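**Q** Keeping their order, the protein sequence lines are chains B and E. The letter at position 199 of the first sequence is residue 215 when you use the numbering used here, and the numbering goes up by one with no holes. The letter at position 169 of the second sequence is residue 862 when you use the numbering used here, and the numbering goes up by one with no holes.
If you are wondering where the hints come from, they were derived from the structure by calculation, not from laboratory data. On a predicted model such as this, the values are computed, not experimentally measured, just so you know. Ideal Cβ positions, reconstructed from N, Cα and C, are used throughout, including at glycine. Check the hints yourself; a few may be wrong.
With a Cα cut of at most 20 Å, we get these calculated PhoX-like pairs of lysine-lysine [stated by the list, open to error]:
| id | chain 1 | residue 1 | chain 2 | residue 2 |
| --- | --- | --- | --- | --- |
| 1 | B | Lys112 | B | Lys249 |
| 2 | E | Lys1077 | E | Lys1061 |
| 3 | B | Lys107 | E | Lys1077 |
| 4 | E | Lys1039 | E | Lys1072 |
| 5 | B | Lys321 | B | Lys281 |
| 6 | E | Lys927 | E | Lys851 |
| 7 | B | Lys109 | E | Lys851 |
| 8 | B | Lys107 | E | Lys888 |
| 9 | E | Lys888 | B | Lys109 |
| 10 | B | Lys202 | B | Lys109 |
| 11 | B | Lys24 | B | Lys61 |
| 12 | B | Lys249 | B | Lys321 |
Interface residues of chain B toward chain E, partial, derived using beta-carbon atoms under 10 Å [said to hold, decoys possible]:
| id | residue |
| --- | --- |
| 13 | Thr176 |
| 14 | Asn177 |
| 15 | Leu293 |
| 16 | Gln294 |
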Amino acid sequence: MELPADVKKRLTLPAEEHFYAGHTACQGCGAALGLRYVLKVYGNKTIFTIPACCSTIIAGPWPYSAFNAPLFHTAFETTGAVIGGIEAALKAKGYKVKGEDGVMVVGWAGDGGTADIGLQALSGFLERGHDGLYIMYDNEAYMNTGIQRSSSTPYGAWTTNTPGGKKRFLERKPKKKVIDIVIAHKPAYAATASVAYPEDFMRKLKKAKAIKGPSFIQLFAPCPTGWRSPTDKTIELARLAVQTAYFPLFEYENGKYKLNMPSPKKEPKPLEEYLKLQGRFKYMTKEDMEILQEWVLKEWEELKKKAEIFG
Amino acid sequence: MPKKVISGNYAAAYATKHARVEVVAAYPITPQTSIIEKIAEFIANGEVENLEYVPVESEHSAMAACIGASATGARTFTATSAQGLALMHEMLHWAAGARLPVVMVDVNRAMAPPWSVWDDQTDSLAQRDTGWLQFYAENNQEVYDGVLMAFKIGEHEKVNLPVMIIESAFILSHTYDVVDMLEQEEVDEFLPPRKPLYSLTDFDNPFSIGALGTPADYYEFRYKIAKAMEEAKKIIKEVGKEFGEKFGRDYSQMIELYKTDDADIVFMGMGSLMGTVKEAVDILRSEGYKVGAAKVRWFRPFPREELYELAKSVQGIAVLDRNFSFGQEGILFNEAKGILYNTDAKPIMKNYIVGLGGRDLTVNDVRKIANNMKKIIEKGELDKEIDWYHLKR
Chain B
17 MELPADVKKR LTLPAEEHFY AGHTACQGCG AALGLRYVLK VYGNKTIFTI
67 PACCSTIIAG PWPYSAFNAP LFHTAFETTG AVIGGIEAAL KAKGYKVKGE
117 DGVMVVGWAG DGGTADIGLQ ALSGFLERGH DGLYIMYDNE AYMNTGIQRS
167 SSTPYGAWTT NTPGGKKRFL ERKPKKKVID IVIAHKPAYA ATASVAYPED
217 FMRKLKKAKA IKGPSFIQLF APCPTGWRSP TDKTIELARL AVQTAYFPLF
267 EYENGKYKLN MPSPKKEPKP LEEYLKLQGR FKYMTKEDME ILQEWVLKEW
317 EELKKKAEIF G
Chain E
694 MPKKVISGNY AAAYATKHAR VEVVAAYPIT PQTSIIEKIA EFIANGEVEN
744 LEYVPVESEH SAMAACIGAS ATGARTFTAT SAQGLALMHE MLHWAAGARL
794 PVVMVDVNRA MAPPWSVWDD QTDSLAQRDT GWLQFYAENN QEVYDGVLMA
844 FKIGEHEKVN LPVMIIESAF ILSHTYDVVD MLEQEEVDEF LPPRKPLYSL
894 TDFDNPFSIG ALGTPADYYE FRYKIAKAME EAKKIIKEVG KEFGEKFGRD
944 YSQMIELYKT DDADIVFMGM GSLMGTVKEA VDILRSEGYK VGAAKVRWFR
994 PFPREELYEL AKSVQGIAVL DRNFSFGQEG ILFNEAKGIL YNTDAKPIMK
1044 NYIVGLGGRD LTVNDVRKIA NNMKKIIEKG ELDKEIDWYH LKR
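One chain only, chain B, in its complex shape:
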């Protein structure tokens, strides 16, 4: 459907779609939104690599594909290595990689495939300086296998292998800070982004394509199925995650940190506002919530200091 010109003018996102209806994501899926934005920005001259994750299914079974772009499905732990191989082949074959009219090489992996089993390949991709973009869409658990905890699952969350219950067997480890591990490699570009702030996300995607060298974006993508949250609250939750500083938006470029908070002068909202909307936190006691709140503010202060010192 062609949009009327006056409507088109007001849009802050590109009108064209390369991620088609008919994909098989759950209702309210943050990852599906993320894919839609990535394809809007990069178009079809993009080679996608997707390891085992929800998006394996979302993209559609053989012979269908919801992507208007080439897509390679690969094994769980291999995203970083496969995109490195694709980039090497493009160079050997004389293709222009990245830049204005170049081919974009994108790895799109979940938090389990990145923070856990794929961490080594991600490190290799960053360290060797491949000209590609690795996007970790973070829904904070192994959702495709049925909501098991990953190292990106936050303190206090219910998952099917940290199930709450009468004896309170809950997730007791803080969320692994993959973005900090990435930045330790001093990549060309690293950023956090959220599906609640598509303009910010798309600006970062454009930057990742313009910059030479390896880029990484950690995209916060709520999962109503796994978070036990209403399917119409995905954007609200993603927004609250930023507003509470649970998942602050920032970017790292040339050794410099820059905060991208939507309301930079506001103090973070109380974390409880974010937690209470999600069934996965229902086993948390008041004390648990305080522990998590404290962790969030401590991490936030640390990030602000980094932005101050390395800004």
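Given the structure of chain B, go ahead and fit chain E onto it with the hints provided.
**A** Showing chain E alone in chain B's frame:
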């Protein structure tokens, strides 16, 4: 090109250069290292163009990167051994399942523990069900020729499968021997640039590779690989014949027969140990033994028909396995016996487990095996089926 005295590993490296490989992704492991070192040297000296070398952080990533590169249309190569090959295992299935003609040299090395860096075929034979073609080289010349043929066979539109060229640790990998290399123009004519059936660079007609196959479709995908493997036998013979006609070394036989025409006893095996066996055959024949050798070059696809033809004409086959499947028997023995079961060819077959972890097999050993086989044939019954031949008593 003049003949060169080089190691098996250098023979492999030169073959990748002459094949104009476009992407190499590799991780070092003894005794594979001098292959990838030599390739790196070619790049450092400007001897190769348009070759991207990806020094990955593990063998698993080596195969993953090769898979990404091959799906993007590049001619792709890697090399490994033992533990590295085992680590790749998951991605070996992936390369075959995604129908990508990656070529790899595996330098046969014994699996640990105990640690060993010496020759043993169990590493590669444990990958037999991954959908890779497997070629066992007897000498450095066959390593060179094998790598060149591997690209042509694997990339053939009717095959589209990955190929493993296998050489022995140290016995070939680090031993210098004469290799008759080809001129670049000869290789270019024999092996034109790869024409992939599909590539991720097809932006105007985008598709996905490896998407979910439901029970309604998965089965057919597997049948297609089985069929391509059968088809590969024909292509192997064609390419092997063409290689012989062009360059004088014929590879049209998947099992190389050596003095088997009038032989009563045939020694069957794979890889470098068959060089010793052939030498032994010559000596034993001069002593009056009617023996021959059958060198299985291609283990996958398995040359069933050639084995049957051989088995029809001999009284006994001594299968020499430099490998073992625990709880069963030598792997070549197991396969060969199984193939003959539904045929009218019923030679006496005995399995000799030899050379594990680099233990030498000598001419004298082969003579002892010949004497043992002679006795068995005279008696008409096996003393035992599996003989741990070298075992210290």
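**Q** Next step is simple, just say for each hint if it's right about the structure.
**A** Taking the hints in turn, this is what the structure says about them:
1. B/Lys112 / B/Lys249: Violated, at about 41 Å.
2. E/Lys1077 / E/Lys1061: Between E/Lys1077 and E/Lys1061 the Cα gap is close to 15 Å, so the pair holds against 20 Å.
3. B/Lys107 / E/Lys1077: Violated - the C-alpha atoms of E/Lys1077 and B/Lys107 are around 58 Å apart, more than 20 Å.
4. E/Lys1039 / E/Lys1072: Answer holds: E/Lys1039 to E/Lys1072 is near 16 Å, not above 20 Å.
5. B/Lys321 / B/Lys281: 15 Å, holds
6. E/Lys927 / E/Lys851: With a Cα-Cα distance of about 10 Å, the restraint between E/Lys927 and E/Lys851 holds, given a limit of 20 Å.
7. B/Lys109 / E/Lys851: 24 Å, violated
8. B/Lys107 / E/Lys888: 17 Å, holds
9. E/Lys888 / B/Lys109: 12 Å, holds
10. B/Lys202 / B/Lys109: 28 Å, violated
11. B/Lys24 / B/Lys61: Given pair B/Lys24, B/Lys61 is violated - Cα atoms ~23 Å apart, limit 20 Å.
12. B/Lys249 / B/Lys321: 32 Å, violated
13. Thr176: 22 Å, violated
14. Asn177: 23 Å, violated
15. Leu293: With a closest approach of 32 Å, the B/Leu293 hint is violated.
16. Gln294: 29 Å, violated
Comparing the model with each earlier hint shows violations of hints 1, 3, 7, 10, 11, 12, 13, 14, 15, 16; every other hint is respected.
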